[in-house]
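Just add 101 to wherever you are in the sequence shown, counting from 1, and you've got the working numbering.
Hints may contain errors.
Stated by the list, open to error - Under the rule of at most 27 Å between Cα atoms (straight-line distance), these lysine-lysine pairs were calculated in the DSSO-like manner:
#1 150 / 413
#2 444 / 431
#3 357 / 431
#4 431 / 448
I should point out that these hints are in silico values taken from the structure, not numbers from a laboratory.
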Amino acid sequence: MEGSLPKPYIILHIINIGELVLKQVYNGTISYMQIMDEFGSLDMSLFPKDVDDNKILDMYRWMSFARALDAKALSLQRQGRAVTYAPILGQEATQIGSALAMGDNDFFVPNFRQHGVFLARGLSLEAFFIYWRGYEEGSTVGKGVNAVSYIVPVATQLPHAVGIAYALKYKNAGGAVVTYVGDGGTSEGNFYEAMNFAGVMKAPVVFIIENNGWAISMPRSKQTMTATLAQKAIAAGIPAIQVDGNDVIAVYKATKDAIANSANGPFVIECLTYRMSMHTTADDPTKYRSDEEVAAWKDKDPILRIKAYLMKKNLWSDKQESEMADAQLKQIDDALEKAEAFKPDPKSMFENLYSFMPDVLKEEMDAAEAAGYWQSGLQAKEVDGK
């Protein structure tokens, strides 16, 4: 056609324009941190200044306590003495490391698997067992614990955590909020919405992603194509780091640093760990993952590596191990005995939902009680044959 430009010229012209207008506007990176490796060796260049051998001994005791408590809860569920339970076997370093990094004014918002965090932050063992026996009273967290109760729906706790963090900032109350989510939860809308709000409002909140490799039976590789889960924070303008989640010292340092800087805004920590047990007691992991995969992660056991360090430095012995295990088991059994003797009050399903009980809820409670809804009322009606 007359007046048309030859095709080669047109193509060259477009390329030239592209070279002029295309430029990099953002370039983000995610760092990885490990301080104690699988053999108990330390990278002293990253070692936190406030950690000494006594602190490492405390970490080991808490991690061992969390594992013993977890084993007892799992056993109870299998005996029909507890409800569906989510084990933490293999994730003790992520939980204890982050829990010990929190200060007295800090608050934490869990999902359904933060048993180690609750333990280290002061939740009574009796309350723990009452909750996992299915009674509402176990959901009442003592004031000194600075937490909300277990939250089961996936990722719905994250907006709550950001709201609490923003309230702390608004009131100049100090402290930060630490909240937890699994790898599967990072694909939920609540995760992105919470991070976006936190980033915009510079809320003092630390998001800890427990990347244990599986969202029930969905492997990490089929859930998201991001190279890391930590990099999801970049879209919200939030700094992030990936750490060895089986390294309690690295988790401690990352959480401690994030809390210390929380006045400047949120932070995301991805902890690479592995659940060596099932997702919950309603799950059978042998259906979807190999024994070889589990065995490989057992070599990275978070408790074995810290024990190896202590043994190499002659800070721990088999005698101390036995004495610790006996003492912890006694504490667990004593608390369980009290929990199994506990008599629940059905009124608890109406209480602790609000800072004060709304009239509409009180009306429901009063009506239920008047109708003989309580267990004693039902038994009385059965005796009367009504």
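A quick look at each hint next to the structure:
1. 150 / 413: holds (21 Å)
2. 444 / 431: At roughly 22 Å apart (the allowed maximum being 27 Å), residue 431 and residue 444 satisfy the hint.
3. 357 / 431: Since the Cα atoms of residue 357 and residue 431 sit roughly 32 Å apart, the hinted pair is violated (cutoff 27 Å).
4. 431 / 448: Between residue 431 and residue 448 the Cα gap is close to 32 Å, so the pair fails against 27 Å, i.e. violated.
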